[in-house]
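Protein chains in written order, with my numbering: chain A, 453 to 698; chain B, 19 to 317.
It should be emphasised that the hints constitute simulated quantities derived from the structure, not laboratory data.
Quick caveat: nothing in here was measured; it's all calculated off a predicted structure.
It cannot be assumed that every hint is accurate.
Computed, partial: chain A to chain B, Cβ under 7 Å [to be verified]:
no., residue
1, Lys462
2, Phe463
3, Ile481
4, Ser498
5, Phe516
6, Asp540
7, Gly544
8, Met559
9, Arg561
10, Thr566
11, Gly570
12, Lys573
Every residue gets a Cβ at the ideal spot worked out from N, C-alpha and C, and that includes glycine.
Residues per chain, in single letters:
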Amino acid sequence: MLKLQNISKKFASNSADEKIIFENLNLNIKKGEFVIIVGGNGAGKSTLMNLISGSILPDSGKVFIDEKDVTNLPEHKRAKFIGRVFQDPLKGSCPNLTVEENLSLAMLRNKKRTLHFGINKGDRENLKHELEKLNLGLENRLDAKMGTLSGGQRQAITLLMATLVKPKILLLDEHTAALDPKSSEKVLNLTQKIISDNSITTLMITHNLNHATKLGNRLIVLESGKIKHDVSEEGKRLLLKNIFRN
Amino acid sequence: MQILISTFSQGLIWSVLALGVFITFRILNFADMTAEGSLALGGSICALLITNGVNPLLSLIISALLTSLAGLITGLLHTKLKIQPILSGILTMIALYSINIRIMGKANLSLLGKNTIFSDFENALPILKENPTFSAFAIGITICLILILTLNIFFKTQIGLAIRATGDNEQMMRAQGGNTNLKKIIALMISSLLCGLAGGLIAQSQGYSDVNMGTGTIAIALASIVIGESFMTFFKMKNKILSALICAVLGSICYRIIIFIVLNFGMNPSDLKLFTAFVTAILLGLPNIKKIKEAKKNA
């Protein structure tokens, strides 16, 4: 499903501050896998996500999605296949647009935008129904400005926006880290539900040991740009115990 | 009464510029200085066409459409060459100064004795002949209504929504599959088109086009927009696109009334730009000062 082939990436190349993030990184992710990525600061977790989404391009190497070479496809074209939720709840939605307008933008992620109205009646019912599933009482706040919602509510909606058009790959970059424990738990449960209901191939970065234990069927530990451990569900529990004990 | 109506008409005609600047400044969040050059470009092309015997209404439309190219240039400078928004606009504006003189062949072009949309309108409706101020008012209000309705619909379409989202959160728009560069260029072109339309209207209304007619006008447009926004806060209007557009027009009319009053109180006309800049700065800054005070109170 997702293949990274010999990816190399340097920042500030040819300067004194040159920092090699990845050197010949290879990664293969199969359809339906839910991969948890852990690793210290600067290990390259977010860079990995950015390389997959296309917000940064590799110096060398190739990125394949479903056997298709997307290495040179710009971010907005890759968005057809990729749903993304950022750590900062403010990054995933437009504060000055309404909930409904935000969601309607997400409905067109894989389509060409035209001069048809952004929202019609059928969409409205549809979106209401989707919001009901979140169980946060947001279905009656379609006309509310996104900026007036709480961080947890915004992150839940961003998650919905990322999956409204079913993506081939869902990227979650510490998407519950900026939330209070209660909202964090809520958003995480939603994440689990949405992913398993739609069987979406997912990569999730987390610093939270509980989340790493609870979720996912594959665990990757990154350390200075190298994959230090890569284990499936069985090995995960054991490995986590070892890593976090030290 | 006559004076009041002519002040209103002035406000309506200049509100076209305010609408253009509103699109870049408020919707796209792009400080676009092209507006000043676009205004003069619209005026220059329009004046050139009219002096060559083209129908005034047609001249107005052609000049507006051509002026949208100024927005295209600014857009390309910003998206392809990655030059900052403010600088991209300034570069286009500077270049347009020379282009406008090329178009007119000199620094200004008089429309004395030529037909304009205003005189055409008076000829078409003989009642207006006795009250010429009404024709500017009628034309101004018709154009403003058409623009407000069209823009209101446009910003609710899929492309329009994507433009608003680009201004609000560019990163998110890209993550949702939006080509944000293209959206910026479209918005800049529409904005320039409106500024050009304003230029054509102003040239026809004042009877000449001048290469310097755009200078300082961005402050007038901004003043109109912020006056309009203070209406919205005052009347506690919902911040919908329609009310924002209407308020920009009302703000422009209000600005003209204020100017009329201060001039009558004996202000030197050359001090008007200082006055406009002052009012704009105050109105732009007030909400921020309030926010800082509130934050201090809560802290």
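Against the structure, the hints come out as follows:
Checking A/Lys462 against chain B by beta carbon gives a least distance of about 21 Å; that is not within 7 Å, so the hint is violated. For A/Phe463, the interface hint is violated, the least distance from its beta-carbon to any beta-carbon of chain B being 18 Å, above 7 Å. This hint is violated: A/Ile481 has a C-beta 20 Å from the nearest C-beta of chain B, more than the 7 Å allowed. Interface hint status for A/Ser498: violated, as the beta-carbon distance to the closest one in chain B is roughly 13 Å, over 7 Å.
Hint status for A/Phe516 relative to chain B: violated, with the closest Cβ pair at about 19 Å, above 7 Å. Because the closest C-beta pair between A/Asp540 and chain B is about 10 Å apart, greater than 7 Å, the hint is violated. Contact between A/Gly544 and chain B, as hinted, is supported at the beta carbon level, the nearest pair being about 6 Å apart and thus within 7 Å. Taking 7 Å as the C-beta contact cut-off toward chain B, the hint placing A/Met559 at the interface is violated, the least distance being around 9 Å.
With a cut of 7 Å, the hint placing A/Arg561 at the interface with chain B holds, because the nearest CB-to-CB distance is about 4 Å. The interface hint given for A/Thr566 is met, as the beta carbon of that residue sits about 5 Å from the closest beta carbon of chain B, less than 7 Å. Look at A/Gly570: its Cβ gets to within about 4 Å of chain B, closer than 7 Å, so that hint holds up. Interface hint at A/Lys573: violated, since its Cβ lies 14 Å from the closest Cβ of chain B, which is beyond the 7 Å cut-off.
Violation of the numbered hints given earlier is confined to hints 1, 2, 3, 4, 5, 6, 8, 12; the remaining hints are satisfied by the structure.
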